Amino acid sequence: MNNLLALPVVLPLLGSLLALVWPRRADWAGLGASVAAFVAAGHIGAEVMRNATLELAVGGWAPGLGIALRADGLSASLLLMSTLVALAAGLYATTYFAEAQKRADFWPLWLLMITALHALLLSGDLFNIYVTLELLGLAAVALAALGGSRAALQAAVRYLTVGLLGSLAFLTGVGLIYAGYGTLDMVMLAGRVDAEPATWVALALMTAGLLIKSALFPMHFWLPSAHANAPAPVSAALSALVVKAAFYLVLRLWLDVFDVALSQASAGLLGLLGASAVIWGSWQAYRAERLKLLAAYSTVAQIGYLFLFIPVLLATEPGEARDLLFGALVLFALTHGFSKSAFFLGAGVILHRAGHDRIAELGGTSRALPVTTFVLALAGIALIGLPPSGTFLAKWQLMTSAIAAGQWLWIPVIAIGTLLAGAYVFRVLGHAFGPGEGVGPSLAWARAELPALLLALVATAVLGLGAAQVWTMVVPGSNAEGVSL
Amino acid sequence: MLSAEIIYGLTGVGLFTLGLRATLLQASLLARILAINVCGAGVFLMFVSIAYQGLAQMQVPDPVPHALVLTGIVVAVSATALALALGRRLRESKDE
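Just so you know, the sequences run in chain order Y and L.
The working numbering puts the first sequence at residues 465 to 949.
The working numbering puts the second sequence at residues 73 to 168.
Hints were generated in silico from the structure; no laboratory data involved.
Since we're looking at a predicted model, the values are computed, not measured.
Warning: the hint list may mix true and false statements.
[Claimed, not checked] Quick list of the computed label-pair ranges, beta carbon to beta carbon:
| no. | chain 1 | residue 1 | chain 2 | residue 2 | range |
| --- | --- | --- | --- | --- | --- |
| 1 | L | THR143 | Y | GLY524 | 19 to 29 Å |
| 2 | L | THR143 | Y | ASN466 | 21 to 31 Å |
| 3 | L | LEU156 | Y | VAL665 | 27 to 37 Å |
| 4 | Y | SER613 | L | HIS138 | 34 to 44 Å |
| 5 | L | LEU82 | Y | GLU784 | 43 to 53 Å |
| 6 | L | GLU164 | Y | GLU753 | 25 to 35 Å |
| 7 | L | VAL85 | Y | LEU529 | 38 to 48 Å |
| 8 | Y | PRO852 | L | PRO135 | 23 to 33 Å |
| 9 | L | LEU90 | Y | ASN515 | 42 to 52 Å |
[What the hints assert, rightly or not] Some chain Y residues close to chain L (C-beta under 8 Å, calculated; not the full set):
| no. | residue |
| --- | --- |
| 10 | LEU617 |
| 11 | ILE823 |
| 12 | GLY827 |
In this text, a Cβ means the ideal position worked out from N, Cα and C, and glycines have one as well.
For reference, chain Y alone in the conformation it holds in the complex:
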């Protein structure tokens, strides 16, 4: 029993309800709940580092009939990232939404999204995961429509219909699994799963649903418009957290639950889709005319890298080499979460202050908004994968393991993706440092620039230099001496 696990779910939910019934104090309820959830996630992280896995049988009902909450290194580290990004983006939102009414609309939905996300990360039961996936999707769609523009509404409707199809496919797979094995608890399933056609169909359906939701190429078509038209703090959470939740589930199902039923060929297919996403997303980001659209396409590419890890992971023998690679995967996901949210928050400041986010007209931004330009540069370093960011270590480990596993194909993909990322980041910086008028800095907006700066610093410096901690957390008992700068 560990009641601590319920806190990251209960606290944001409580905050959401408070913000709903007491809109005049929405900011306090929201920020209070965010801080409390962050502290709880920190405690869970510390506990996981000591005890490896935490479990809570909700209401005292044993798994099987009851629903278990579980935290291991993977979920605890994503939980910690999620609470920190949510806190920083929430703080930013108090400046971004100038009208109190907007903030009163924002907070309940935002906290509900965080609640669903945390419940998803901690859930140990497939059906519960379906429910949290739907809650997360509905809250995310409502937030994406919050801007109210016609483009945002259209993007939200498409996001909703595509998301619903994805979750129905997932649900069908869940039904087949229950029909075959009589349980939906993931730990119990892991012991029972056999490699047989019904399992493959179920896994294929669940994976297809999750690939739509994680926007893996070619199912990424809904992402750029939805992420680029949402208000900046919402875009940050959608890109950094929501798509990653679906990826987390793919990883959980493929590595922990159904690993006996998998073939190398199916993992190779995921890798190929990931490789296409890296190339296509980076290329579209390079060609994008607007800063937020660039960031959204960059997310398509970065999700592609995450899927590249899967075939290499499955080809690596369990042991120290695989632990190293798994840690690198988590490090990549975390670094992308922090850097992309920082990038979107920075883009939001520019959009608000300059009135547009057309990249070609960014001239003068570096003098007008030095902090924001610094944020974009720092986040850009992490997106490209330059040292000392966590992405650098993660890509290095991915390439080393790919060579060791004989999967040479991924090396040129990573190289091309990295070069294109360099091109699109420096295109933005080149224009930002160019001549031009630009609006002057504003003290009010400094409060919004600081959370973005914090996130960018975590992505580039903290995660890169403190990467060993990630390995300690994800792979209990391991030492990260194998990787060093």
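Model the placement of chain L on the given structure of chain Y, informed by the hints.
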């Protein structure tokens, strides 16, 4: 010989396919929302037929899939409400 739960199960698969096809092909938002609901009904029917699997040994149908379907229906209703609300907002923005 086809047993009842297999007929229901196959009907569920058929509904799911019909709904999926219409969701992908229909242009009108209202038609797409309806199609997704048809799709969902197919999935729920599959769950119900799963509950009757192995009824002979157990005497009563398995309650777990029924509980899951109830939850699923609640989720589907909320999702439909959100889709309709968004559709209305979209239409109002067209009129302006």
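Consistency of the hints with the structure:
| no. | hint | in the structure |
| --- | --- | --- |
| 1 | L:THR143 <-> Y:GLY524: 19 to 29 Å | 21 Å, holds |
| 2 | L:THR143 <-> Y:ASN466: 21 to 31 Å | 25 Å, holds |
| 3 | L:LEU156 <-> Y:VAL665: 27 to 37 Å | 33 Å, holds |
| 4 | Y:SER613 <-> L:HIS138: 34 to 44 Å | 43 Å, holds |
| 5 | L:LEU82 <-> Y:GLU784: 43 to 53 Å | 49 Å, holds |
| 6 | L:GLU164 <-> Y:GLU753: 25 to 35 Å | 29 Å, holds |
| 7 | L:VAL85 <-> Y:LEU529: 38 to 48 Å | 28 Å, violated |
| 8 | Y:PRO852 <-> L:PRO135: 23 to 33 Å | 55 Å, violated |
| 9 | L:LEU90 <-> Y:ASN515: 42 to 52 Å | 50 Å, holds |
| 10 | LEU617 | 5 Å, holds |
| 11 | ILE823 | 27 Å, violated |
| 12 | GLY827 | 33 Å, violated |
Of the numbered hints given earlier, the model fails hints 7, 8, 11 and 12; all others are met.
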